[in-house]
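Kindly generate the complete structure, drawing on both the sequences and the hints.
Line order of the protein sequences matches chains A and B.
For the first sequence, my numbering begins at 1 and goes up steadily by one.
For the second sequence, my numbering begins at 75 and goes up steadily by one.
Calculated directly from the structure, the hints in this document are not laboratory data.
Misleading hints may appear alongside valid ones.
Part of the chain A face toward chain B, derived, beta carbon under 8 Å [said to hold, decoys possible]:
# : residue
1 : Ser39
2 : Ala42
3 : Gly49
4 : Ile51
5 : Leu58
6 : Lys65
7 : Asn67
8 : Ala70
9 : Ser71
The structure displayed is predicted, hence computed values, not measured ones.
Glycine included, each C-beta is placed from N, C-alpha and C at the ideal position.
The primary structure of each chain is shown beneath.
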Amino acid sequence: MGSGTRIQLNDRYAEPREVMDFVAAERKGMVNEGDQVISIKADQHTHMGYITDIKEVLRKSWALKINYSASRRN
Amino acid sequence: MAKKKKKMPGLNTSSTADISFMLLIFFLVTTSMDTDMGLSRRLPNPPDPDQEDAQVDIKSRNIMYVRLNPEGQLWIKDEVSSDYVDIAILRQRAKDFIKNEQNFSKWPEKHVKIIDHLGRCFVTDKHVISVQTARDTPYFAYFQVQNELVAAYNELRDEISKEKFGRPYEALDEDLKAAIRQYYPQNISEAEPKQYKQ
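Dropping the structure here:
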């Protein structure tokens, strides 16, 4: 698959434009749509351009609650 | 002479059950079911395509610019200074800026605000911290900045909570927490705010 940056949605690889449909589809399966939280887990060396693009797509899908995944310090 | 069929000795399989138990115990002990921890954020509403470019005019004293370059170096600018700094000083700088205890003219303006449960308060709620990265900035640098800024707000909220209510912020009821949030609102912008020079 190469060593470039790739976006993974749940358990499969995807392109940035697929994120919007994915978020909407996941939201439909939820009991309370307002509780949807998107967890963003990115390698520390990821370029911010990818993160910013995804955040733009999330904003357009009204998926505004996000969580930057991280482990506890020390 | 009758040929005696050579019988292969059967393998002793009585310990296969033990092996399976050992494997089971090994994986039970070494598996970790990690709960996802992280920094929770709320994105701003998407821009309204019909609405005109809503540029808010903000006084330059009210803005602190936080920039990250592709090398992950941190640059802070406010009315007082603009320079490259180490991440370790961001939290205190942000706290000083947001609190503006002495109502220093080059830091956010303070004005009176009536807040439930707190009464008449002198707050800097017009302040904005504008964060911007380059497309190649490492995610780690951005995350550290977000973490330090959120920590700055949390520490300020804790301090005011202990001062006014005698308890840390987390120990408060929801309506008191809402009051503290009104005192120190989290105004972190990731868009370029337009500003006019005073």
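Do the hints match the structure? See the list:
1. Interface hint at Ser39 (chain A): satisfied, since its Cβ lies 6 Å from the closest Cβ of chain B, which is below the 8 Å cut-off.
2. Given hint, Ala42 (chain A) at the interface with chain B, holds; its Cβ is 5 Å from that chain's nearest Cβ, closer than 8 Å.
3. Hint status for Gly49 (chain A): holds, given a least beta-carbon distance of 3 Å to chain B, under 8 Å.
4. Because the smallest distance between the Cβ of Ile51 (chain A) and any Cβ of chain B comes to about 6 Å, under 8 Å, the interface hint for this residue holds.
5. Below 8 Å, beta-carbon pairs count as interface contacts, and Leu58 (chain A) has one with chain B at about 6 Å; its hint therefore holds.
6. Of the supplied interface hints, the one on Lys65 (chain A) holds, with its beta-carbon coming within about 6 Å of a beta-carbon of chain B, less than 8 Å.
7. Given the 8 Å rule on beta carbons, the hint for Asn67 (chain A) holds: about 5 Å separates it from the nearest Cβ of chain B.
8. Because the beta carbon of Ala70 (chain A) sits about 5 Å from the nearest beta carbon in chain B, less than 8 Å, this interface hint is met.
9. Interface restraint check for Ser71 (chain A): the shortest CB-CB distance to chain B comes to about 6 Å, inside 8 Å, so the restraint holds.
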